[in-house]
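Engineer: Top to bottom, those sequences are chains A and B.
Going by the numbering used here, the first sequence opens with residue 1, and the numbers climb by one from there.
Going by the numbering used here, the second sequence opens with residue 1001, and the numbers climb by one from there.
Calculated from the structure, these hints are not laboratory results.
The calculated DSS-like cross-link candidates involving lysine-lysine, where the alpha carbons are at most 27 Å apart (straight line), are:
#1 A:K174 <-> B:K1028
#2 A:K174 <-> B:K1032
#3 A:K119 <-> A:K174
#4 A:K162 <-> B:K1006
#5 B:K1028 <-> B:K1006
#6 A:K174 <-> A:K162
#7 B:K1058 <-> A:K120
#8 A:K120 <-> A:K174
#9 A:K162 <-> A:K66
#10 B:K1032 <-> B:K1006
#11 B:K1058 <-> A:K119
#12 B:K1028 <-> A:K162
#13 A:K174 <-> B:K1006
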Amino acid sequence: MRHAAAETERDELELIAEAQQGERSAFGELVHRYREGVINVVYRIIGDADRAEDVAQDTFVRAWQKLPYYQPRSPFRNWLFRIATNLTMDMIRGEKETLDVDTLPLASASHSTESTVEKKERAESVQQAILCLPPASRSVLVLREYEGLSYQEIADTLGIPKGTVMSRLSYARKRLYELLAASLEEV
Amino acid sequence: MSNHIKDAWIEAYFDDELSNGRLQLAEKHLAKCEVCRTRLESLSALSAILQESPGAEKLSSHARFVSQVGLRLRDRPSRPTWQRVLTTAWQIFPVGLIGTWAFAQSVFLLSGLVFAIGWLGIGGETVSSFAGLTTSSFRQSILLNISLTALTGIFALSWLASWWVSRSNGEKQYSVIKNR
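Required output: the full structure, derived from the provided sequences and hints.
Structural biologist: So, in structure tokens, the structure goes:
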């Protein structure tokens, strides 16, 4: 079983090498593997599934163009995240997106029993709270909390110093404490 | 607050980013400080609540997404010519280096032989005049030979070092993927 997994993992390097030679089917397999991860990173930063899918498509198209220059010094996944976050940030900068904190649907702490609806509401309020963060802090938080990247990997992915990663993450968490105070009381 | 772990470091501890001395200090402090333990629990609670937020839903099918990306791909991204030339040159560099060194050694050996024959007067006047070498020029050629050998050695070691670095990077990448 472990052997089979190792074979699959080794496959990835072979797929990358083949895609670098222009093999579309190999690249298609890579798209298949990383589609969900890339969409989710973008979705958590912009909060719109349709647009996240569009940005993810742009990410893979850009990755295809830049693939000959990719060197396996960092994981392929992180390289894709780098392209995806760059495209997302460009889009946000273009739109000058703002979100009013007052419109945030904060979860109520008064309900003792938690229904599916309440859970969904809370999930929505979490997503909205994330969207209230500055885009730069949002990217760091998403890569750390949802993708489990280390500080150094985040620094490499976003092209920022490790100290900046720490300070942005710290800011994001502090802000989320404030925004999700009610939900946190429930936990 | 000054007696407690700084925010950045308690978060680093929570994210498994501390090592050695700092990790031990943090663990020692946490063992006796309830305030910092509470802060750690808060981080854990926040992380848990963040995980409740699901990823993007109602996405198009995998097949549809892959085909849509496929339709947008332009011609195959072959490596630029200059990069391919550089890669090939880098790969055949040691062969060229050894070839150059072997050629230089042959020339030095041959000229040394001609000089020795001329110096000993074995080959008669023709060889002596053909050699046309003096003792000082022979010394110079030996120095040149040593310099060339040293230079070849430096180039060979540099190539080996760069090969080792790129190989290590490749292995590191493989282990990162493997451990994911």
